[in-house]
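*Asks:* As they're listed, the protein sequences go chains A, W, F and P.
Residue numbers for the first sequence, in this note's numbering: 15 to 171.
Residue numbers for the second sequence, in this note's numbering: 15 to 171.
Residue numbers for the third sequence, in this note's numbering: 4 to 85.
Residue numbers for the fourth sequence, in this note's numbering: 4 to 85.
Keep in mind the hints are simulated off the structure, nothing from the lab.
The model shown is predicted, which means the values in this text are computed figures rather than measured ones.
Cβ coordinates follow ideal geometry from the N, Cα and C atoms, glycine included.
One or more of the hints may lead you astray.
Unchecked claim - EDC-like, lysine to aspartate or glutamate: derived pairs with alpha carbons at most 20 Å apart:
(1) K157(A) <-> D26(W)
(2) K36(A) <-> D26(W)
(3) K36(W) <-> E108(A)
(4) K36(A) <-> E121(W)
(5) K36(W) <-> D57(A)
(6) K61(W) <-> E121(W)
(7) K38(F) <-> D27(F)
To be verified - Some chain P residues well away from chain W (every beta-carbon gap over 10 Å; in silico):
(8) S11
(9) L21
(10) N22
(11) D27
(12) G28
(13) V29
(14) D72
(15) G84
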Amino acid sequence: MISISVQEKDFDTGEEYRELQKGNTGANTHIGGIAIFTGQVRDLPDKPLKFMRLEHYPGMTEKSLQHTAEQATERWPVIDIRIIHRIGDLTPGEQIVFVGVSSAHREAAFAACEFIMDILKTSAPFWKKEQHLNGDGDWVDAKNTDQQRAERWQDSD
Amino acid sequence: MISISVQEKDFDTGEEYRELQKGNTGANTHIGGIAIFTGQVRDLPDKPLKFMRLEHYPGMTEKSLQHTAEQATERWPVIDIRIIHRIGDLTPGEQIVFVGVSSAHREAAFAACEFIMDILKTSAPFWKKEQHLNGDGDWVDAKNTDQQRAERWQDSD
Amino acid sequence: MKVLFFGSLREQLGTGELNAALPDGVETIGQLLAKLQTQGDEWKLALGTGNVLFAVNQDMVDENTAINDSDEVALFPPVTGG
Amino acid sequence: MKVLFFGSLREQLGTGELNAALPDGVETIGQLLAKLQTQGDEWKLALGTGNVLFAVNQDMVDENTAINDSDEVALFPPVTGG
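Isolated chain A (complex conformation) (with noise of 0.2 Å):
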């Protein structure tokens, strides 16, 4: 089963993780691993940051996501696939993103939860803009390092 939300308000990853488990249903009791992934807010030592804008496009973010969990789940025999991405403006320390799987085995909950990081990454419409308590707004960059770690998922079909 895949859950989306894309949300301006917090998540409790220890709630989502007891979600998780829930894949786990009386007799049948398959799930062997669970891998997480939340991505939070960094401070900039050199710049220090009053909030982090997540914009994005509504409609076309929940798509995109469903699209990249669907591909995982071709990929790799997972069970359950949660994400949650966070829009508005973030203080740091603030998560912004929780990617969780489940699988009967622990491979497939790794290369499920990290191919969904990266390709989200470089697919998914969201765009962040640095406010600054110095008063200046940078939009972030997109990072070459993450464009190639979106393209190793090609050679390993």
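Following the hints, complete the assembly by docking chains W, F and P onto the known chain A.
*Replies:* Quick look at chains W, F and P alone, frame taken from chain A:
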């Protein structure tokens, strides 16, 4: 900081996650990502499980996990590592192992978390015995695929 | 057709949405990008960077993708979520 | 010296710990493994599989590792934690 625990009692993954978030202290909001893996007792469709018995080598277990965590800190820029491994009799659906890694960067968090799991699987002195509902007890065989996954970290130095 | 702009593009252009008929001679989203740049210096500056991504009906596409008047088209800089 | 056995080895041998002097002529943990197999059929069966791992003073080592009488030595099957 490295935290290692070998224990009979269950752990709260949400609480462990919050402990990792505490690596952000005051002005030092340096965590960019947290990667977590938990392993769980799976049931066996063909041979239902009463419980899984986890035996270990007290003393060496902690030393081995500490060494693996230290290797991870030498290879990747991680902030904190938390490892919990349970021993004793665990029923299907119960958590066995927790590995959590915080870092400024997601690549490091993912890689260190997966590295620790792969090395733990082939180096930490734990042995599993399946106790089946029909009364049989079977020691779990080590898997070649686990050996291969551990060895791939030797090439990528 | 509806043309949406996001991120730094939206800010540079001072608009997030344009509603207009599909211009004559424009058959692909790449041609639309070129046409929009003829609207003035700020358009040329913002859209002429060679670093614009395209979506048609909320799917990421390449510049050769055909568009028609009923499509929802979006232009935006490389994404930076996660 | 103290020799520990774990997992299926402990169960097959019916003991988890052996306290004895280092046998004459035994200098490495591999030689100790061979020597232990001369103790009887069940020892030969359990330890002669070619699939025994070694630890000396709680570090995993290979069969050529030297041991002495004050060491804590352990023999066990491939590990299966996690």
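*Asks:* Confirm or reject each hint.
*Replies:* Going through the hints against the structure:
Note on K157(A) and D26(W): the hinted pairing is violated, with a Cα-Cα distance of about 35 Å set against a maximum of 20 Å. Proposed proximity of K36(A) and D26(W) is supported: the alpha carbons are some 15 Å apart, at most 20 Å. Taking the CA atoms of K36(W) and E108(A), the gap is near 12 Å; set against the 20 Å cutoff, the hint holds. About 28 Å separates the Cα atoms of K36(A) and E121(W), which puts this hinted pair outside 20 Å; it is violated.
For a cut-off of 20 Å, the pair hint linking K36(W) to D57(A) stands: about 15 Å separates their Cα positions. A distance of roughly 39 Å separates the Cα atoms of K61(W) and E121(W); the hinted pair therefore is violated under the 20 Å criterion. For the proposed pair K38(F) and D27(F), the alpha carbon gap of about 10 Å is at most 20 Å, so the pair holds. Consistency note on S11(P): stated as away from chain W, yet its beta-carbon is not over 10 Å from all of that chain's, at 4 Å minimum.
Here L21(P) stays apart from chain W, with its beta-carbon at least about 15 Å from theirs, past the 10 Å limit. Non-interface status of N22(P) relative to chain W is upheld: no Cβ of that chain comes within 10 Å, the nearest being about 17 Å off. With a least CB separation of 28 Å from chain W, D27(P) remains clear of the 10 Å interface cut-off, as annotated. No beta-carbon of chain W comes within 10 Å of the beta-carbon of G28(P); the shortest separation is about 27 Å.
Listed as outside the interface, V29(P) is consistent with that label: its C-beta sits roughly 22 Å from the nearest C-beta of chain W, beyond the 10 Å cut-off. No Cβ of chain W approaches the Cβ of D72(P) within 10 Å, the least distance being about 19 Å, so the stated non-interface status holds. G84(P), annotated as away from the interface, has a beta carbon of chain W within 10 Å; the closest lies near 3 Å.
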